[in-house]
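Sequences are here, hints too, so could you generate the full structure?
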Amino acid sequence: MAWGAWCDELVTLKDGTKEARCEMDVVIDQARAPMDWVKDLMAGHFAIPVLDGSKWGVFIDRARAVDKVYEFSGPTANQELDSLAVSVESRAKTPTEIEVTYIDRDEEYERETLLIVPDVRNDERTKRTVMLPGVARRSQAIRVGNHILRSTREMPALTEFIAMPDGALSEVGDVILVKSDVGDWEDGKLFRVLRVGFNQKLRVSLLCREYSTNVYGAASSELPVSKGTVINDKPTAQSAGKAARVTQPDGSTIRRGRIESASPKKQLVITRTPTLKVEEPDGGVA
Numbered sequence: 001m002a003w004g005a006w007c008d009e010l011v012t013l014k015d016g017t018k019e020a021r022c023e024m025d026v027v028i029d030q031a032r033a034p035m036d037w038v039k040d041l042m043a044g045h046f047a048i049p050v051l052d053g054s055k056w057g058v059f060i061d062r063a064r065a066v067d068k069v070y071e072f073s074g075p076t077a078n079q080e081l082d083s084l085a086v087s088v089e090s091r092a093k094t095p096t097e098i099e100v101t102y103i104d105r106d107e108e109y110e111r112e113t114l115l116i117v118p119d120v121r122n123d124e125r126t127k128r129t130v131m132l133p134g135v136a137r138r139s140q141a142i143r144v145g146n147h148i149l150r151s152t153r154e155m156p157a158l159t160e161f162i163a164m165p166d167g168a169l170s171e172v173g174d175v176i177l178v179k180s181d182v183g184d185w186e187d188g189k190l191f192r193v194l195r196v197g198f199n200q201k202l203r204v205s206l207l208c209r210e211y212s213t214n215v216y217g218a219a220s221s222e223l224p225v226s227k228g229t230v231i232n233d234k235p236t237a238q239s240a241g242k243a244a245r246v247t248q249p250d251g252s253t254i255r256r257g258r259i260e261s262a263s264p265k266k267q268l269v270i271t272r273t274p275t276l277k278v279e280e281p282d283g284g285v286a
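1 is the number of the first residue of the sequence shown in my numbering; add one for each residue after it.
Be aware that a few hints might be false.
[Stated by the list, open to error] With a straight-line cut-off of 30 Å between C-alpha atoms, the simulated DSBU-like cross-links for lysine-lysine are:
#1 Lys189 <-> Lys179
#2 Lys39 <-> Lys55
#3 Lys179 <-> Lys14
#4 Lys18 <-> Lys189
#5 Lys39 <-> Lys189
#6 Lys68 <-> Lys201
#7 Lys39 <-> Lys93
#8 Lys201 <-> Lys55
#9 Lys18 <-> Lys93
#10 Lys93 <-> Lys127
#11 Lys127 <-> Lys189
#12 Lys18 <-> Lys55
#13 Lys201 <-> Lys179
#14 Lys18 <-> Lys39
#15 Lys18 <-> Lys179
#16 Lys189 <-> Lys201
#17 Lys179 <-> Lys93
[Stated by the list, open to error] Okay, the calculated beta carbon distance ranges per label pair:
#18 Glu110 <-> Gly57: 32 to 42 Å
#19 Leu169 <-> Arg125: 39 to 49 Å
#20 Lys93 <-> Leu51: 41 to 51 Å
No lab work stands behind these hints: they were computed from the structure. Values in this document were obtained by computation on a predicted structure and should not be read as measured data. Just so you know, even glycine gets a beta-carbon here, dropped at the ideal spot from N, CA and C.
Listed below in structure tokens is the structure:
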């Protein structure tokens with residue numbers, strides 16, 4: 001299937017080596033609803049399950065070309081302006097840091113935590129914690145964490161509208177161009193379709209999230225260490241204090257390691273936390 005082929009594609013790391021974009025390494029040892037497992041596993045592999053009628057499909061969260069244009073103003077308008085609703089998530093509510101936790105096969109399958117933060121950090125910090133079941137490589141965990149951070153910071157807008165006359169032809173994952181003089185979108189703004197539904201009058205309704213080509217460029221070709229993060233994937237030295245114990249606020253202790261990168265101001269902190277409590281990812285487009 002397309003998702004499997006995309007996961008198998010080789011991506012180039014900063015040191016020139018290549019590896020498969022995504023690999024799944026997991027032991028399912030907890031009783032959970034099957035779809036909960038599917039959503040969480042897909043979250044670490046750039047995919048989202050989509051119900052199409054009575055069958056489940058896969059939406060790959062990757063770059064793609066514009067599928068359709070919806071115009072709400074101007075002489076060539078083909079949509080009803082009154083149906084267009086837009087909301088933008090507050091910057092104060094979007095995470096400034098992403099903490100990803102995964103099981104590292106190179107560390108004897110111990111639980112590892114990576115903290116990904118932007119270069120410019122203000123006083124207001126909001127951290128989102130994500131568990132990545134099925135991810136067992138540090139490089140893949142960084143790719144996913146970077147993608148989540150970029151997506152939440154660069155794609156904050158949501159829009160919903162009645163699509164006519166051919167909205168039913170749109171599918172989840174499609175990239176559309178929305179043109180309107182409302183919101184200064186005369187030249188068009190890109191969105192990705194998240195949901196295709198029908199209202200009480202059986203008219204097609206599209207729910208979409210803002211789409212940015214900046215988010216997908218590097219993720220499709222190389223290890224995405226963007227200038228919006230402090231992660232450096234080529235550490236130059238490992239400190240001798242890797243096995244040191246660090247006391248947590250609750251009094252417990254953990255082993256803590258720090259890997260210094262080429263730039264003194266950039267660092268990757270890895271903390272082994274076997275009992276770390278993390279939130280379940282929502283499985284949505286981050």
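Which of the numbered hints are not met once you compare them with the structure shown?
As far as the earlier hints go, 3, 4, 9, 12, 15, 20 are violated by this structure, in ascending order.
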